[in-house]
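There are 4 protein chains.
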Amino acid sequence: MIIIMKPSSGEAQISSVTSYIRQHGLEVHLSTGKEVTIIGVVGNKNLINPEHLESMKDVERIVPVTESYKLANKKFHPEPSTVKVGNTFIGPGTMTIMAGPCAVENEEQMMLIAREVKKAGATFLRGGAYKPRTSPYSFQGLEEEGLKYMQNAQKETGLATICEVVSNEAIEAAAKYVDMIQIGARNMQNFILLKEAGRSGMPVLLKRGLSATIEEWLNAAEYIIAEGNPNVVLCERGIRTFETATRNTLDISCVPVLKEKTHLPVIVDPSHSTGSYKYVPSMAKAGVAAGADGLMIEVHNDPACALSDGPQSLTFKNFALLMDELTPFCQLVGRTL
Amino acid sequence: MIIIMKPSSGEAQISSVTSYIRQHGLEVHLSTGKEVTIIGVVGNKNLINPEHLESMKDVERIVPVTESYKLANKKFHPEPSTVKVGNTFIGPGTMTIMAGPCAVENEEQMMLIAREVKKAGATFLRGGAYKPRTSPYSFQGLEEEGLKYMQNAQKETGLATICEVVSNEAIEAAAKYVDMIQIGARNMQNFILLKEAGRSGMPVLLKRGLSATIEEWLNAAEYIIAEGNPNVVLCERGIRTFETATRNTLDISCVPVLKEKTHLPVIVDPSHSTGSYKYVPSMAKAGVAAGADGLMIEVHNDPACALSDGPQSLTFKNFALLMDELTPFCQLVGRTL
Amino acid sequence: MIIIMKPSSGEAQISSVTSYIRQHGLEVHLSTGKEVTIIGVVGNKNLINPEHLESMKDVERIVPVTESYKLANKKFHPEPSTVKVGNTFIGPGTMTIMAGPCAVENEEQMMLIAREVKKAGATFLRGGAYKPRTSPYSFQGLEEEGLKYMQNAQKETGLATICEVVSNEAIEAAAKYVDMIQIGARNMQNFILLKEAGRSGMPVLLKRGLSATIEEWLNAAEYIIAEGNPNVVLCERGIRTFETATRNTLDISCVPVLKEKTHLPVIVDPSHSTGSYKYVPSMAKAGVAAGADGLMIEVHNDPACALSDGPQSLTFKNFALLMDELTPFCQLVGRTL
Amino acid sequence: MIIIMKPSSGEAQISSVTSYIRQHGLEVHLSTGKEVTIIGVVGNKNLINPEHLESMKDVERIVPVTESYKLANKKFHPEPSTVKVGNTFIGPGTMTIMAGPCAVENEEQMMLIAREVKKAGATFLRGGAYKPRTSPYSFQGLEEEGLKYMQNAQKETGLATICEVVSNEAIEAAAKYVDMIQIGARNMQNFILLKEAGRSGMPVLLKRGLSATIEEWLNAAEYIIAEGNPNVVLCERGIRTFETATRNTLDISCVPVLKEKTHLPVIVDPSHSTGSYKYVPSMAKAGVAAGADGLMIEVHNDPACALSDGPQSLTFKNFALLMDELTPFCQLVGRTL
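Chains as they are written, first to last, in the working numbering: chain V, 82 to 418; chain E, 82 to 418; chain G, 82 to 418; chain L, 82 to 418.
Everything labelled a hint here was simulated from the structure, so no lab data went into it.
Among the hints, erroneous ones may be present.
One copy or two, it doesn't matter: identical chains are merged, so the pair holds either way.
[Unchecked claim] Result set (PhoX-like, lysine-lysine): computed pairs, CA atoms no more than 20 Å apart in a straight line:
id	residue 1	residue 2
1	165	138
2	155	359
3	359	156
4	276	151
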């Protein structure tokens, strides 16, 4: 941590800051320039509250030097992690394809979609049984009933299954029926839910919040891992910007940034980020080229009649076509589909 | 709802859209121009899923005409609402001042702060007992113990009390000790929590999410009201933008926008939005001038030693000074402090 | 300037950075911690290129300590500036009201509006003769002809006049007819224009770019002042965010931030920022309460027939009403209208 | 254009709107629902000012149906355009690689870089002779001298050359020495410059403004084409968002959106968007995979000593490596390097 003092600060102020630091068992490195004085803090930063320092007289600002997340940090875990889900693995050498409808609608539909995405090459079946919807009057999901349909689809096809959870109860139910849970963008800083996901021990797909910085996202992952659960996978699904031509803005450059900062696998979601099936194929390829460990793609038997997010869903035909197109891209980046 | 067809759309496509609408019991108004065809949908929009329409062939886009929130909508409730909390009222004619520390730290502190903010003219004591923090290693709050301190402060001073809740358990605990619950920015779209807050029947202060549009915010309020709890107050606390000179950007123009769209009272938080005590007085005055029904201001006995958010807290002296300065502004806008 | 080295950096890398700094005649303060090494640079920063340092091996990042703008900086000019325009002054103690149409349309209109805004209490007449419009097919302004109408209005009413300029030719023309020139948001980083505005010696109103940080804005002001022209006034007119309920988001908290960082006067524009006449009165009051030195307000004789930006213009009646309402707010903040 | 009336609007208001439309020679389609009345306008929209309508009594809002740009619009020019520059072509079937330093520094450097990027496979040499810099105290470019160095490099290597222009004078000078001009992000809505670029007849690379929507960007292109110059190429170089881990956020999904809306070629700039050489290779590949017609990449002989933007420049070695890696990606998307 570095403390930048105001140009006007006198010896008394500087000394009160350095005393405070030393009292907390940390060392001080003082750098006195013509215009400003800078105080470096050396030692275990958890012994001190940066906000105390920030509100001391004549402190201009505090510059953190080390990240607050540790367990998710590549510095302390240089090798990329692989997360095992059911019989599949997410991580280096593999391109994980999670496919399925936004919402689970009925049993026949889930079975049908599961068979088709399996046939086209997906390894995960996704489907929402608990839907966080902007309006209370929109369809909110089939809940436990929907999870059972997913389990049946898993049994028949062998696909790993993933479902979003929105409450501790949903985590408990999901643990009984599916292989991996998803924390959605709106709950990325629902810390109660993150802790419970951590305690569940289940593999967790953590979607990025609509306006979450990469640092906040990694701190959210830290909440899960700190509960003893290292099985966390990150999912970029678009951030909120001023541009309205796409539903959100896919922050594709987060992929190499994450690969530098964390060992956790990274999935790209071209469906929710763009909001339109027309843009999904090019963004899926871009995700693979950028270095992602997998893709999450919405597929529906009848997009025009989907209960949720129809416009961004691919038909079976378009999904199969995309999988064919993706194959050589995956080979190029050294990953097997 | 209006459907704009692509220029290329033929009669078959237009007819398949209009048939779909009529099958769902709604009427169609067709407007055929040289370049585009526009289809107006007349009737109860809940009978139809706009996303189905959006994914039909040759549909360019759907333009919603009416808002999805009803109970929070001024169109159906033209008079501004007043929310009763303890013995105080939030709404027209009153300027509600909620003051106190970001986090409840200990009993003496709460009592001391309660007395001082009461003396200076506040009517609410705020304090966080459940703290949603970006990092799992930051102070997370005293929980139920903290609520008890608030209750004691309430008993002695008569101030109404408000505390953030982050889980159903916290709502239950809060119901025993404080007068009003707060849903924080990070939980604005935690719909499970919104519903539970609705079922609790307690007055709810709903903070705006960091990147929530006004429409999403009012839909979040609708979740609470739809459970039978009309006691909702909105709180603008800054949105996330590219500017980093302030912690967030106080969206002051949301005040007149909300006054046009909803009957719910609106509170402005100059502390969290700016992140610096230096900017609080001018933003507090701006909030009053803009038409807000109240202010939420952080006050601490020793900002340099606050366990959370010290830099944005006012000292007792500065808070008392600000209250003096605010008085004539409140008179000008016809509100009593 | 502070240089934070990567945890992995060895002595060789650190030494190559410190040698580089010393070779450029600057001093080094080395701070070696357990996890990271920090290098403070002491001396005249203009002797060194931070980008060189940033691309040296094992440099994690560079933290600037001092602002790059000097002439606009309050640190070197602690007293607030007053800018003289015609016979009026913009600065402490005064509330400057600039009023008029978005675009100059014809001579009668300008004369009519000038008389009416003068009567209501404005001291400046604004009007656009050179209009930067998003589409090439929109009305682009009357150019020099429009400036003449403004001059006539100035002669009759005594109001100071201000007009946006978009090119060096427009600056030359404006110098002949009006009292102050305006650099619009889209040209805030048109550095050629800034320099020319500086060389013109005319008072300049510098609007903030749609996505300009406060620091970039002050650097743009620095371009003008560095040409020997200290007569710069800043104008906040809303920034671009994700919110679409208003045209832009009025960043009201920039007012106290600017008052801390610069000595230049600050004007708030509630018309362009909100995009709707309905929100102008409350935002005008908020601007005054926040500490602005003035307001820029669009007024039109017939908003429904304005050639540009009608929806945000006030009628004469509404403008006069607003001026009446503003008077006590100005008194409260110690400024005369 | 569609006009949505307020629920409260009576017959008089509706009739005054429809009269206004008919008086301007346009037809009206009236759609009267239970809650709202919608008025469709049919005919040549240029005969009417939407802003007039928007400020009429009881008009809730106006929904545009057709885009304001025509010449850049794919609807009226369905085939993708190819832009000829020197002896090279930008468009379908080709992957254009523009490489070179941010700023032209001296003659030897330009010659050296030209030879190296040519050897690695680039077809364009880029280099800035007129640098728009945030601070007036930063290096501003060699101007005409720099252009001469580029011309010499062009003569020796045969590479096409491109240079940013910031004024009419710079366009004139560039016309003498280089093959293509670039309008930078900060000047994207400098309409004077756009028109002059149009009149010059030179091929123009139009970079996207930091906070420009895709629609505004295409309107800026329209300014150039409307002057009779169809040789416009678009360049995505990152937009400004809240995320600070990268300098800007590369809006990769603008590529498929642009491919749907316009016939103009699209270039992706992974250097300026990310601000770090480490992220350039993955973003270059993502750009190719997303469907871009080319890439603009910063290359420098000695990034640590570059006068501008060193941290984002590739060394010769890294550039050659990247070109090797890009080759199979280009083959996959059917483009020759």
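Now for the hints, and whether the structure bears them out:
In this homomeric assembly, residue 165 and residue 138 never come within 20 Å of each other (Cα to Cα): the closest approach is 51 Å inside a single copy and 36 Å across copies. In this homomeric assembly, residue 155 and residue 359 come within 20 Å of each other (Cα to Cα) only across copies, at 16 Å, whereas the closest approach inside a single copy is 36 Å. In this assembly of identical chains, the alpha carbons of residue 359 and residue 156 lie at most 20 Å apart only when taken from different copies (17 Å versus 39 Å within one copy). With identical chains, the CA atoms of residue 276 and residue 151 are at most 20 Å apart within one copy only, with a shortest distance of 16 Å there and 35 Å across copies.
In terms of the numbered hints stated before, the structure departs from hint 1 and from no other.
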